Structure formats: structure tokens, C-alpha cells
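Engineer: All chains should be modelled from the sequences, with the hints used to inform the complete structure.
Here is what each chain is made of, one letter per residue.
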Amino acid sequence: MPATATTLAEELRQVVGERAVESAGDGLLIVQPRDTDEVSLCVKLAARHGVRLASQPWPEGGGRSLHVSIARMTEIESIDVKSRVALVQAGARHEALAAAIARRCHEEGVDYELDIATGATHGGEATIVGTLGGGDGCSHVLGVEIVLPDGSVHVTAAGGGRGDGAEASAGLYDRIGPDVTRVLCGGRACRGVVTRLWCRLSPTPSRLRTIHAAFPGVPQACQAVSDMLASGINPIRVQVLDHRTVSTVDQRGPRAAEALMVIDIAGVHPLLDGLLGQITAIALENQATAVFHDDQSRQAGRGRSGLSAAARHVEFSWPLVVVGRSQVGQTMNHIHRLADARGVAATIEYRSADHGLRWRLIGPHDADALQLSQDIAARFGGLPGDAPPTPAQSRLDRVLAALDRTGAAR
Amino acid sequence: MSLVTDHRTITAESAPAVQAAVREAIDAGLPLIDYGPAHEGLGHPPPRRHLRLEQDGHVIEHHERDLTVLVAAGARLGAVQAALRQSGQFLPIDADADMTIGEIITCNVWGPLRVGFGGISDLLLGLAYVDDEAALIRVEPRTAQGGVSLARLFIGSLGELGVPVEAMLRTFAMPPTVLAVDLSVDDPAHIDAILPRWLTSDAQPARLAIGIEGGTWVARVGYLGRQTACLAQLRALERLLDESTGLHIAGTGSLTLPQYLTQREAHRVWRRQLPALVKLIVPPADTGSVCTLVQQWTSDNVPLMLGAEPAHGIVWVGGRISATLAAELDMAIRRITEPLGGIHAWYARPGGATFDPFWPPPNDLALLRRVKHAMDPRGRFNPGRLIPVGDA
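Chains as they are written, first to last, in this note's numbering: chain A, 1 to 410; chain B, 1 to 392.
Everything labelled a hint here was simulated from the structure, so no lab data went into it.
Among these hints, one or two may not hold up.
Claimed, not checked - Here's a subset of chain B near chain A, in silico, CB distances under 7 Å, partners left out:
1. P45
2. R49
3. V59
4. R197
5. I212
6. T216
7. I343
8. L368
Unchecked claim - Negatives, chain A to chain B, calculated, CB over 10 Å:
9. V15
10. S23
11. R244
12. H269
13. A401
Unchecked claim - Estimated spans, in silico, between C-beta atoms of each pair:
14. A:Q278 <-> B:R8: 56 to 66 Å
15. A:D397 <-> B:S254: 48 to 58 Å
16. B:E13 <-> A:S202: 32 to 42 Å
17. A:D115 <-> B:H267: 24 to 34 Å
18. A:R13 <-> B:E243: 54 to 64 Å
19. B:D186 <-> A:S326: 23 to 33 Å
20. B:E40 <-> A:E107: 42 to 52 Å
21. A:D397 <-> B:E40: 29 to 39 Å
22. B:T245 <-> A:D397: 47 to 57 Å
23. A:A290 <-> B:H63: 47 to 57 Å
24. A:S202 <-> B:S322: 57 to 67 Å
25. B:G352 <-> A:A71: 50 to 60 Å
26. A:P216 <-> B:H63: 40 to 50 Å
Please read all numbers here as calculations on a predicted model, not as lab measurements.
Where is the CB? At the ideal position from N, CA and C, for every residue including glycine.
Structural biologist: Structure below.
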């Protein structure tokens, strides 16, 4: 190990303790601080030693590096259901936060949840910062605390502390000025370390139904999606699962289904009854072999968590592509055809909230899956690094570079 | 606020015209200023010498089946709504008809409809803007490529990062009816108490605002949708109120959406007319109690207009007051909001006012300076309006 890295390791141990620093080989050190102050000190030490920050806990090549792990930063600091905001350390698990929110809501007699895109939670195992993902994956976050590569600590959540000094921000629902959180989080995020998050709590739909419809094939399921959206129905989300996914993921689904359409709708009772009838009719018109539904939100939640659990096996996943509603069914079918040609299981989800399509490929970690990801990317958006950046991406990179640059903390 | 300036106004009706305006500003070595007609008083005043930009425009493409619309940033909201209405659609934005789409984006304009439809950040799918080198930059709808969207950075940017010229927005089908419900409110703090349950019940409104009318507090609730669904929500509201105190249904009425939006615009017209207007942003759970405290201050000093959006912690306060009294109000607001972690921004300050238009400064001001420097290194666009001029 190079002499500089050895010295850095010793200094890091003085900050975080003997057992919270380890060497992962090839000049990579992994450090596990407990709070923001320790993260800041570690990052400043790395900067002083000329050691770059590594985003992953494995050697990425190119000399000495430091990975700041948030594994010990798991505290759920506060949950305020009245103002609908939770403050957590970045390493808190989604499952733990969801349980804590449910407990607090039970005490208060209300029903809120963390509104995170299906799949982002990886069956509850994801850290809260890990749910940020790409696309609009940070829409459930009101703001973050971040340590930039120069060790400076910044809070993007609006508002001052509430008097006890523990909270750096009240986590308000409005702000003055642009929201830098949207740049700091997401697919092309900067190299800083997010340490705390102010998460928005959303009302759990008081009436939510999940409708399952089995089809003899993906084309029929996708046509049903097209017809449904064309009729003006606005579901929370729609998923189309191919037969490979159905057999591995949704144990409750019809065994003979070649494709499954899963729809979440929410609203008040009279509206839901009408919608249910409309969706059933559309499914049957498109040769659905079975249609059934859950009319309790808890049952529907279990259905979704079953799908989310399967996300742990996902090898390739891209968060979002936006298409017009009129092209949703057709695009779903196109991606499914690409996946089927390569023998990879696929789940595609459409969310009305952002007109976004997300897809998950469940399959072997092999060349076929990689090629498929490239096929899809070539058709719908391109892979980072492969294509020349667009002018907008160049501008975004310029912003990220400005945030990344090392300079005096302000 | 009246701005004493030495400027010329350029009117641009297209993206190339905006590019030409930016080039002219570059050649003249002058900043290009566009605060928007409804937000002239928001932020620090522009440099005395500048070029002023005004945009005009219209709907460029309406994708009816996709429920999206591409509009010029200079299009007025009223004109856009009228165009969408032909297809039975609308934009769920609480803004005045004369406001441009660009102004709505850069000033992050939203209102009580956010309860049911979200804010402008939920509606904005893509954006085109002119940068500091007069280049036209198209930020496509969020794709697999980038993950984050540069478009959202323009929301609330106060025009400091570039000039939006086009926006792709989500549209919604017009509801068949709007059921307007007025509640008499004994004490706005009662709203704080009931809101957490209200928002998770069948009675969840699509629109909610409170204000003082004739000396008493009134909550204006809107349910948008089919008649049967609206009535079911009204029944749910009645059940909720039976279990609560201090809130009573004062009246109900069915309207068409255009009638409803026009009526709501009339209710907030005072915000455009008064020489002093300040927006308080507080934790939602404290909205009602903040209203009460501000009301106490006004009863001790001078009558003021008050309105609030309790679901998102917004309180508006306005009046015909002097700069001296406005400064006293500013200090009173600091005393009320600081213990709660609240912030406030003056949207209009009486002539002669010297207090800061924003308090406290944004937590991430250091980051905003870096972003400003990256997007507009020469300070061409609305320099100093929010982000202090200087090195990043």
C-alpha cells in the first residue's frame, strides 16, 4: 500500500475509530463514519492527501481512492406526520423508515407513506439515499444534506432549524430560488456524499385497488393498456409483465398467463366502482383470460411488494423514458419484443404522474442482457458514455463540475 | 415596486428572437432583464442600465391524446387555457390569466390546486431555453440517458440561469363539474388540527385555501370530478367535520371549471394590487397558528389582507402600508416564523423600503452561486435578483 494511503488510513481511524476503516486493495480505503461531521472530516482528509472519492466500494482503477460508506448512518431522526416530512440519515433502510412511519401514523390516527417509485426500494432493503436513483427518483425528497468533495457541508432543504439545533432545516414545501436537490440527486449526480434527507410523506390513497388481468400474450396486454389510456382512465401505475416474469415473480398470478397487466387506481368509492367496470371491459375486449382485483390498499401493497422483492434479482435496470400516453402500449410491446428475442424476462411500468415508462429486465448477467439494454437504449435514449453528449447534458455536466470542484467551504 | 431604470425593451415572439435579444445584450455588454409583469417586485432590483426582455407567444403543439402541450414561454396562461378548453383539457395552475408560462416556471407559481394536481415541477416535462452564449438548448423530457432534468432547475430560478423559450407541460381532462364548498372557520389553527386526517380521507380536496372575508376566516374547498364523486366527497367532509370542532359548512355550489377558476382569480386579485405583499413559508402544521399570530399583529397595528394555503404551509400578507410599517411587519414576521424554521419573501415592497426581500437567505446559497456561475458566468440574466453578484 502506498505510504500516503497508509497515513490517510491512520488519520481516518482517529476520526471514525479503529474498526471503521478498512483497505479493499488496489489503493482503495473504505471508511464508515457515523454522522455528517465525520463524513466531512474524512472527505477533507482525502482531499488533503490528494485521494479521490470513489462512488463504489470496489477498486475502480486509477490510483488511490476513498469510499465513504453510509452503512452506519441509519438513524431516523424525526417523523412529523402533521407537516408530512421525515428526516433521516442517508443509510437508513427504506423498510425501517416505512415501519417507523406506519407506527407514527397509527399513533396519530392518519395514513401516510413514503411515495417512492415501485422498484426503487428493492423490497425494502435499499437505503433511503439508494432510492434516489435516476429520473424523478428524488421527487419524494424535499432536500438533502450533502458533503461535497471539498468537505463543505450544504443543505438544500428549505427553512431554518426549528430551535433545538438538531435539524438544519425544517424541510419546507416551498423554497426561494431553484432546487439544487434535483441536480445533486439522480443518474448524473455529483461526487459528493449525501448524508441526510428530508423526505416528503404522501397520503396513502384512502381507496386503492389493484387490478390483475391475465392475457394470452404481451401484445394483447399492451393493447389493453393503450385502449385504457385512450379512454381517459388515469391509473396511478400500470405494469405489463411477460410470462418469464410472471412465473418467477408473481406467485399469486394465474399460472397459465403469458402476460399480466397490473393496474393501481385510486379515488373515492363511486368513482372506483365505475373505473373497475371500465377496465374489466377493456381487458376482456382484448382477450383477457382472467380479471381479478384487490379492493383493500393493504392487499394491493402486498402485491406490489412481491414485485419489488423480485427487483433484487434485476441485473439491468433503467429508470425512466418518457413517451406520450398514446405511445405507451406500443412502446411497452416494442421493449417486450426486444426482451423476448433475447430470452430475458421483462417488466415494464408506466406511471401517470410523470408519463414515464420504467423497465426492468430480470435475467442472467450475460452478454444477451447487456446487448438488450443497448438495444433498448439505442431505441429510446442511449447509454451514458456511448453517445456524444447533447448540449443540455453538457450544460448539466458543467453544473455538476462546478458543484464538484474543490474549493474553500462557504 | 417602481424601478427607476435606464433601459430599452425588446419584445420577442419566438426562440430565434430571444436568441437575437441575448446576442444584442452580449454585444452591448448589458444584462438582459425579465422579471415578469406579475413579479416585478420579487427580489433585488436590476442594475440601472440593462436591456429588458418581454416575451409573447402561443400554443405550439397540443398533443391531445398524450395529454401534453408544447407552449412558447411567452404564451399567457389565459390564452393557453382557452386553447386547451377547445379539446376539453386544462392546466391545473393557479395563476392569473395574464401571466406567461415562462414567468410561472421561473417564479415557481403555484397555488391551492397543488393539493390535487401538484405544482409546476410535477407538470413540467421538458424545456427549451437560451443560454448565456445565445445558444438554444433543448432539455428533452426526462429520458433514460440523463436521469436528472436540467428543466427542473429553471423552476424558481427567477430567470437567473437562462431564458426559457418553450415548455412541454402535462394537461388534464377538464372535470365535468366543480363542487365549491365554503367553510366558516372559528380559528385557523383548527385547520392545522384537522388537515392530517383530511388529506388521508375520502374528503381530500383538489383545492384548499383559507382567507379572511368580512372579518372572519373562510376555507374555500374545491372538489373536481364527476357529480357523484364530488357529492361522495362532500358527504365524507361532513362526517369529518362532525368529529371536529370550529369548522362548519357555510355553503356549497356547483360550477364549471372556467367559472371556478375565474372566481378564484378574483379572490386573489388583491395580491396584484397592493404595494406591500409578502409570502411566508412555514411547516404546513403551523400554517393556521401563523395566520393567527399575523392577524394579532395586524389588529395591533394596521389592517392587512391575509390568505393561506395550509396544505403546503403558505401564508400571504399584503396591504397598503408605508416602508416604515413594512419594515416593522418584516421584523414581526421574523419573530413569528424563525422559531418554526420558516422563511419569507417579499413580492412587493413599498417605495423606499430597504430591508432584504428574502429572509433568511437560502440554505444552499453557496451552491446556487456555483450553479449561477456554471450556467451564466458573465451574469447576463437578471443578475443579483436572488444570487449575489460575485465570484462563485
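Engineer: Indicate, hint by hint, whether the structure satisfies it.
Structural biologist: Status of the hints after comparison with the structure:
| no. | hint | in the structure |
| --- | --- | --- |
| 1 | P45 | 17 Å, violated |
| 2 | R49 | 25 Å, violated |
| 3 | V59 | 16 Å, violated |
| 4 | R197 | 6 Å, holds |
| 5 | I212 | 21 Å, violated |
| 6 | T216 | 25 Å, violated |
| 7 | I343 | 6 Å, holds |
| 8 | L368 | 6 Å, holds |
| 9 | V15 | 24 Å, holds |
| 10 | S23 | 32 Å, holds |
| 11 | R244 | 22 Å, holds |
| 12 | H269 | 6 Å, violated |
| 13 | A401 | 7 Å, violated |
| 14 | A:Q278 <-> B:R8: 56 to 66 Å | 57 Å, holds |
| 15 | A:D397 <-> B:S254: 48 to 58 Å | 52 Å, holds |
| 16 | B:E13 <-> A:S202: 32 to 42 Å | 40 Å, holds |
| 17 | A:D115 <-> B:H267: 24 to 34 Å | 30 Å, holds |
| 18 | A:R13 <-> B:E243: 54 to 64 Å | 58 Å, holds |
| 19 | B:D186 <-> A:S326: 23 to 33 Å | 50 Å, violated |
| 20 | B:E40 <-> A:E107: 42 to 52 Å | 47 Å, holds |
| 21 | A:D397 <-> B:E40: 29 to 39 Å | 34 Å, holds |
| 22 | B:T245 <-> A:D397: 47 to 57 Å | 56 Å, holds |
| 23 | A:A290 <-> B:H63: 47 to 57 Å | 34 Å, violated |
| 24 | A:S202 <-> B:S322: 57 to 67 Å | 43 Å, violated |
| 25 | B:G352 <-> A:A71: 50 to 60 Å | 57 Å, holds |
| 26 | A:P216 <-> B:H63: 40 to 50 Å | 32 Å, violated |
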